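In order, the protein sequence lines correspond to chains A and B.
Going left to right, the first sequence walks through residues 612 to 947 as the numbering used here numbers them.
Going left to right, the second sequence walks through residues 397 to 611 as the numbering used here numbers them.
Simulated from the structure, these hints should not be mistaken for lab results.
Do not rely on the hints blindly, as some may be mistaken.
Distance condition first, Cα-Cα at most 25 Å in a straight line; then the derived BS3-like pairs of lysine-lysine [as the list claims (entries may be wrong)]: (1) A/722 with A/668; (2) A/742 with B/550; (3) A/619 with A/661; (4) A/861 with A/814; (5) A/814 with A/728; (6) A/624 with B/457; (7) A/742 with A/690; (8) B/485 with A/668; (9) B/550 with A/728; (10) A/722 with A/690; (11) A/688 with A/728; (12) A/668 with A/688; (13) B/457 with A/615; (14) B/550 with A/661; (15) A/619 with B/457; (16) B/485 with A/665; (17) A/825 with A/814; (18) B/608 with A/624; (19) B/457 with A/661.
A few chain B residues that don't get close to chain A, going by computed Cβ distances all over 12 Å [to be verified]: (20) 404; (21) 480; (22) 539.
Being a predicted model, the structure only gives us computed values, none of them experimental.
Built from N, CA and C at the ideal position, the CB exists for glycine as well.
One-letter residues, chain by chain:
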Amino acid sequence: MSVKEFFKGNVFKCLIALLCVLLVSGIFLTVMNSLLYVTDEERFERAINKIYGKSVKTESVQVADYNSNATINEAYKIKDDGNYLVKSTGKGGFENGTVTCWVVVKVKGGKVSGVGKVVIDSNKSQSYISKISQSFLNSFESNPAADFYFTTADGYLTSGASMSSNAICNAVNGAVDFVNAQLGNLAEDIYADFMYVSNINTKLTSHEYNAETKEVVFHIATNSFGNAVQFSIDVTVGENGIISDYTITKNGSTGSYASQMLPSVLDGTLFEGKDIDGIMAILKDGADLGSIGSLNGSELITGATQSNYLCISAAAFAAANYQAVTELEQGGEENE
Amino acid sequence: MNKYKKITLDGLIFQNPTFMLVLGTCPTLGLISSAFSAMGMGLTVLVVLTLSNIIISALRKVIPSSVRIPCYIVIIATLVTFMRMFLEKFLPDLYDSLGGFLALIVVNCIILGRAEAFASKNGVAESAVDGISNGLGFTAALTVMGIICEFLGKGSLFGAQIMNFQIGMLATPAGAFLVYGICIAVFVYIIDNFERARRVKANKLARENLLKEEA
Chain A
612 MSVKEFFKGN VFKCLIALLC VLLVSGIFLT VMNSLLYVTD EERFERAINK IYGKSVKTES
672 VQVADYNSNA TINEAYKIKD DGNYLVKSTG KGGFENGTVT CWVVVKVKGG KVSGVGKVVI
732 DSNKSQSYIS KISQSFLNSF ESNPAADFYF TTADGYLTSG ASMSSNAICN AVNGAVDFVN
792 AQLGNLAEDI YADFMYVSNI NTKLTSHEYN AETKEVVFHI ATNSFGNAVQ FSIDVTVGEN
852 GIISDYTITK NGSTGSYASQ MLPSVLDGTL FEGKDIDGIM AILKDGADLG SIGSLNGSEL
912 ITGATQSNYL CISAAAFAAA NYQAVTELEQ GGEENE
Chain B
397 MNKYKKITLD GLIFQNPTFM LVLGTCPTLG LISSAFSAMG MGLTVLVVLT LSNIIISALR
457 KVIPSSVRIP CYIVIIATLV TFMRMFLEKF LPDLYDSLGG FLALIVVNCI ILGRAEAFAS
517 KNGVAESAVD GISNGLGFTA ALTVMGIICE FLGKGSLFGA QIMNFQIGML ATPAGAFLVY
577 GICIAVFVYI IDNFERARRV KANKLARENL LKEEA
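The task is simple: from the sequences and hints, build the whole structure.
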């Protein structure tokens with residue numbers, strides 16, 4: 612085939628037709644793209660408006676974490692009303708997973724006045740997240756907890772997704788703490804520098820000191836861990852840091868796990884009469900409670916190892932910090 | 397019968413792409429669990445189908461026969477991309493609800509089918525009417541099934557909760573398949589009865605004319 616024949620042939624016509632269609636399509640799409648392109652700012656505005664329910668102007672706020680159970684990802688101050696919009700990731704979900712939520716924190720008179728809309732953004736490993744109901748998310752606004760601190764123990768949960776509910780509560784609490792810190796209202800955490808606090812909810816934990824008997828009664832609230840949600844445990848520690856009484860007031864074992872906990876953990880006899888060294892001796896090979904793996908080889912490996920882990924963490928927290936609490940209390944008395 | 401009336405009735409009823417030709421089943425089963433998504437998909441297909449029919453019909457004498465299918469695909473893909481941009485800019489909720497099915501309109505057999513079977517052989521006006529009628533037929537079918545599935549499957553209509561009674565299975569693609577089958581059966585039954593009645597009437601008229609002539 613000669614060059615002349617090629618240019619007069621059907622193949623050339625087909626090529627030209629295809630190229631023309633492609634060219635016109637390309638030009639058309641280029642023009643349309645420049646006209647209809649959605650900018651990142653526009654996307655952000657839409658996302659914010661969708662969550663907030665109306666068009667608002669925002670100002671980005673530097674993020675920081677003030678709650679060990681939550682991570683703050685993004686935060687914005689709403690210029691129109693002074694409220695905050697916080698993207699917070701709550702820990703303590705199913706299989707140690709997380710739930711990330713957008714939380715509107717209402718501010719009035721320089722103080723947190725409530726929680727507004729809560730919208731789930733994403734989650735990790737939460738198989739039952741679809742069970743989380745809108746009425747549960749609405750309950751943060753319609754039925755606020757005291758000090759706006761929400762726990763599943765206070766009924767902030769969706770049945771069938773209690774651990775995801777726990778992660779959502781943590782996300783909301785993290786957002787509230789963040790805003791409180793921004794407003795300069797975050798209460799000082801007296802237990803922040805104590806030992807063995809990684810599984811302890813220091814915000815919900817308190818203690819009573821008896822100056823006469825030198826006894827300290829710890830009212831401990833644990834964090835959630837894996838399948839175990841928050842435990843409430845009262846631990847009495849006598850002089851020399853020896854535990855004299857250990858009572859679980861709220862068992863955080865979910866489903867049938869409670870029956871698989873070690874009986875001596877359930878009735879507290881495993882920890883009673885022991886100081887911190889005695890408690891650590893329960894573990895093998897000088898393990899330090901830094902992770903659940905430190906229970907390996909001990910009698911605490913049962914069908915409810917995660918619950919046992921939280922319980923021994925509470926015992927260790929109480930026994931190890933007896934001295935710190937007495938110094939704190941005596942220092943307070945001297946100041947008075 | 398008027399040419400345009402026939403094209404319109406064919407697209408809407410007698411050759412309805414969803415109920416009679418069973419085309420475009422992928423988005424049908426994927427989206428009819430929500431009436432809003434179903435109607436949105438139908439209207440998007442309507443626009444793409446009408447525009448592609450018009451363009452392909454206008455270019456039918458320019459595009460060589462051996463490369464017509466690649467050219468049609470490029471044209472349809474361009475229109476679908478344009479619709480994606482348009483929806484993302486102006487109707488972001490609908491864009492989100494259609495998800496991946498929006499891009500899949502490119503391979504929707506209704507659009508390529510009408511381009512090949514009708515637009516490549518007819519004028520621009522007829523092709524535009526064909527596109528609109530087929531698009532409306534598709535939209536109506538999807539919307540009706542979307543309403544049924546959403547109402548029975550979620551107890552809501554276009555997102556507004558109406559009742560608490562729900563048959564959850566009907567809000568899934570499996571339930572949609574069931575509803576689709578029942579709708580086809582009902583639609584075909586009605587059309588069959590209509591056709592039969594029309595034939596009986598025509599026969600009766602012919603017999604009367606014959607008797608008149610004999611008399």
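How the hints compare with the structure:
1. Between residue 722 of chain A and residue 668 of chain A the CA atoms are separated by roughly 21 Å; this keeps the pair inside 25 Å, and the hint holds.
2. Pair hint residue 742 of chain A plus residue 550 of chain B holds up; C-alpha atoms about 15 Å apart against a cutoff of 25 Å.
3. Restraint check for residue 619 of chain A and residue 661 of chain A: the C-alpha separation of about 59 Å exceeds 25 Å, so the hint is violated.
4. For a cut-off of 25 Å, the pair hint linking residue 861 of chain A to residue 814 of chain A stands: about 17 Å separates their Cα positions.
5. Distance check on the hinted pair: residue 814 of chain A and residue 728 of chain A sit about 23 Å apart at the alpha-carbon level, within 25 Å; holds.
6. With a CA separation close to 12 Å, the supplied pair residue 624 of chain A and residue 457 of chain B stays within the 25 Å bound.
7. Taking the CA atoms of residue 742 of chain A and residue 690 of chain A, the gap is near 34 Å; set against the 25 Å cutoff, the hint is violated.
8. Between residue 485 of chain B and residue 668 of chain A the alpha-carbon distance is near 20 Å, which keeps this suggested pair within the 25 Å criterion.
9. This hinted pair checks out: residue 550 of chain B and residue 728 of chain A have alpha carbons roughly 24 Å apart, not beyond 25 Å.
10. Between residue 722 of chain A and residue 690 of chain A, the direct Cα distance comes to roughly 16 Å. Compliance with the 25 Å bound is thereby established for this hinted pair.
11. Among the hinted pairs, residue 688 of chain A with residue 728 of chain A is consistent with the structure: their alpha-carbon atoms are about 15 Å apart, no more than 25 Å.
12. At roughly 9 Å between alpha-carbon atoms, residue 668 of chain A and residue 688 of chain A fall within 25 Å of each other, so this suggested pair holds.
13. Taking the CA atoms of residue 457 of chain B and residue 615 of chain A, the gap is about 24 Å. The hint holds against a cut of 25 Å.
14. Of the pairs offered as hints, the one joining residue 550 of chain B and residue 661 of chain A holds, with about 23 Å between alpha carbons and a cut-off of 25 Å not exceeded.
15. About 17 Å separates the Cα atoms of residue 619 of chain A and residue 457 of chain B, which keeps this hinted pair within 25 Å; it holds.
16. For the given pair, residue 485 of chain B sits about 18 Å from residue 665 of chain A by alpha-carbon distance, which is consistent with the 25 Å threshold.
17. A C-alpha spacing of about 24 Å is found between residue 825 of chain A and residue 814 of chain A, which places the hinted pair at or below 25 Å, so the restraint holds.
18. A distance of roughly 62 Å separates the Cα atoms of residue 608 of chain B and residue 624 of chain A; the hinted pair therefore is violated under the 25 Å criterion.
19. For the suggested pair residue 457 of chain B and residue 661 of chain A, the alpha carbons sit about 49 Å apart, so the restraint of at most 25 Å is broken.
20. Chain A leaves residue 404 of chain B outside its interface by the beta-carbon criterion, the shortest separation being 29 Å against a cut-off of 12 Å.
21. Not every beta carbon of chain A lies more than 12 Å from that of residue 480 of chain B, the smallest distance being close to 9 Å; the non-interface claim is violated.
22. The Cβ of residue 539 of chain B lies farther than 12 Å from every Cβ of chain A, with a closest approach of about 25 Å, so its non-interface assignment holds.
Checked against the numbered hints above, the structure breaks hints 3, 7, 18, 19, 21 and satisfies the rest.
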